[in-house]
Each structure stands twice: as C-alpha cells, then as structure tokens.
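Asks: Sequence:
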Amino acid sequence: MTVRAVVAGVGHYLPDRIVPNSEFEVSLDTSDEWIRSRSGIERRHIAAPGQTTSDMAIRAARAALADAGLEPDDLDAIIVATSTADFTFPSAATMVQAELGMTKGFAFDVQAVCAGFIYALSNANALILSGQARRVLIIGAETFSKIMDWTDRSTCVLFGDGAGALILDTAEGDGTTSDRGVLSTDLNSDGRYRDILYVDGGVSTQTTGFLRMEGKEVFRHAVEKLAATATTALEKVGLTGADVDWVVPHQANIRIIAGTAKKLGLPMDRVVVTVQDHGNTSAASIPLALSVGKERGQIKRGDLVVTEAIGGGLAWGAVVLRW
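Reading the sequence shown from the start, the letters are residues 27 to 349 in this note's numbering.
Note that these hints are calculated values from the structure, not bench results. Just so you know, not all the hints are guaranteed correct.
[What the hints assert, rightly or not] Straight-line alpha carbon distances no greater than 25 Å define the calculated BS3-like cross-link-like pairs of lysine-lysine that follow: (1) Lys172 / Lys242; (2) Lys289 / Lys262; (3) Lys326 / Lys288; (4) Lys262 / Lys288; (5) Lys130 / Lys172; (6) Lys326 / Lys262; (7) Lys242 / Lys288.
If you're wondering where the values come from, they're calculated on a predicted model, not measured in any experiment.
Let's have the full structure, built from the sequences with the hints guiding it.
Replies: Shown next as structure tokens:
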C-alpha cells in the first residue's frame, strides 16, 4: 500500500470589480491591443477598498470545502500561499482558520511569490506522506493591486486579485502512476536573479513598496525553467509529455504559456488557460485555473495534470498529479 495525497475538492473566488484593458487607456500610454498582444490579458479582477487577501482566501476555502463535502474541523492543516498577506503577522492562514471556525490542527503561510502554490502543494503532500496531517487545505490568494505602481504600464496592466483553494485528502494507492493523487514534485530557486522581479519595500524599509520587474529577463528565464521543471517532475515517475492530459500553468503571460507547452510537445488545446480573464494573480493563479478547469468540464477524474509556476526569487517548480 502506498499513501497518496488525493484532490478532494477545489474552489475559487474573484472580486466583483472587473477592469478591462480599455480602462488603462485613460491614464496610461497603452491600449487594449498592446496589452493583449504582449500578454494575452483582456481583463482582471480588482479587490474592493478594504477587501483583504484573507477575505478572499476564506471565500475560496468555503467553496473548496463545499466541493469536497467537508466541514472545517475535518481539516488537519491550512497552508496559504501569498506574498500579500493582510499583516506582517499573524499569518493569513491562521486568520482563515479562525474565520472558518476550525478549532484544531495548524495553519501557516508560504511565500514563494508566483510559485507559492506549487511550494504549498508540495509541502501539503509531504505532510500527508509523513503522517503529520490527513487532510490539508491549500489556498493561493493575492491582492497584488495593493503593490502596483499604477503609473508603470509595463507592470500594472498584468496583475489581478483573486483566490483559489484545493483540499488534499489521504488515500491508498498501488504505487503506480495510475494512482490518483500527487505523483511527484520538483522545487527550485536561485537567489542570484532576485533583482529581476521584486518589491522595493518591506519591513526593513517601513514601506509597502511597489512591484518592479525586468520583463524581458523574466520571460527568458520563465520558458526555459518552466519546461525544465515540468519535464523533471514527469521523469521522476517515468512519464513524458505524451502522457499528460492537461497542463495547468501559472497564468502570467500567454506567450510564456504557449512557449512552455511547445517545449513540452503539447498542443494548446491541452492547456488550461485563464490569463485572459484573470491576468496574473500570482500564487492564486494555479488553484484558480484548476477550479475553473474543473468547472468548465476540462479536468476530469483520472486525468494526468502537470502544473508549474515561476516567481520572484527566482523560485519555480512543478507538480504532477492524477485528478
């Protein structure tokens, strides 16, 4: 018998306010065509004044619990992946725990920027395999609108707010790639590239700061590293791109998504794409896409899914799982 961490439920939440590309034409030297052609983004959701990351995380968590048919006290742990927590501390995860009314277990945050959900999913899998937890709620939630320089057309048009959640449950498998659940993970980072994607503020400067990015450099690293980590994760369990039913990538840029799929030898009709509607929601983008992919009827039980992401750090990684 092999212990597997199996997806029990997914859910997501998006703020009510939708900002189309045309709205940026009023204040910036940009256009809908310029944004679409360079990113594939058509619109994004922006949090309401006073709406926080934990607010959205709680809504996504409730949706995932409903999808799984579980109650908060059925959970053993909550992991929230975010770079935009409400406070320096306590963690967003403990705030979610309290609001859900979960009275046992433990909760903590993971910070790996856009790769945060991959890191959180890998950690949740490890908790289950080690016997530390039986059911883990993993949430990616971000309010990147709070760290945007709205005068910088190269960054502010790319990001949006939202939250997605996924619950892993413990199950028994045969130890083969036909098992449902997480089959492999691959995590990486390289701090030498921290200056190409970062926020120029924080506790040490007593400022919130703004997101800064060298777009061409990030693009160059993204396609190469995303394809490599996905390939490595597949190779760990003796699989190839030909075995994959769906790639669910970090939704940052349609050109990065297409370039990565090409390197993996996969057509775009086997890639879940939501970037046009959500923009880049950082750690929220993968669980959002997983939830939307299931909602659309794309991702079905038994499908082999590869999901990968890269973010500031640089940090990147991939997870292979059977739905």
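Asks: It remains to establish, for every hint, whether it holds in the given structure.
Replies: Checked hints:
With a C-alpha separation of about 24 Å, the suggested pair Lys172 and Lys242 falls inside the 25 Å cut-off, and the hint holds. Note on Lys289 and Lys262: the hinted pairing holds, with a Cα-Cα distance of about 18 Å set against a maximum of 25 Å. A C-alpha spacing of about 23 Å is found between Lys326 and Lys288, which places the hinted pair at or below 25 Å, so the restraint holds. About 21 Å separates the Cα atoms of Lys262 and Lys288, which keeps this hinted pair within 25 Å; it holds.
Restraint check for Lys130 and Lys172: the C-alpha separation of about 32 Å exceeds 25 Å, so the hint is violated. For the proposed pair Lys326 and Lys262, the alpha carbon gap of about 23 Å is at most 25 Å, so the pair holds. For the given pair, Lys242 sits about 19 Å from Lys288 by alpha-carbon distance, which is consistent with the 25 Å threshold.
When the structure is compared with the earlier hints, a violation turns up for hint 5 alone.
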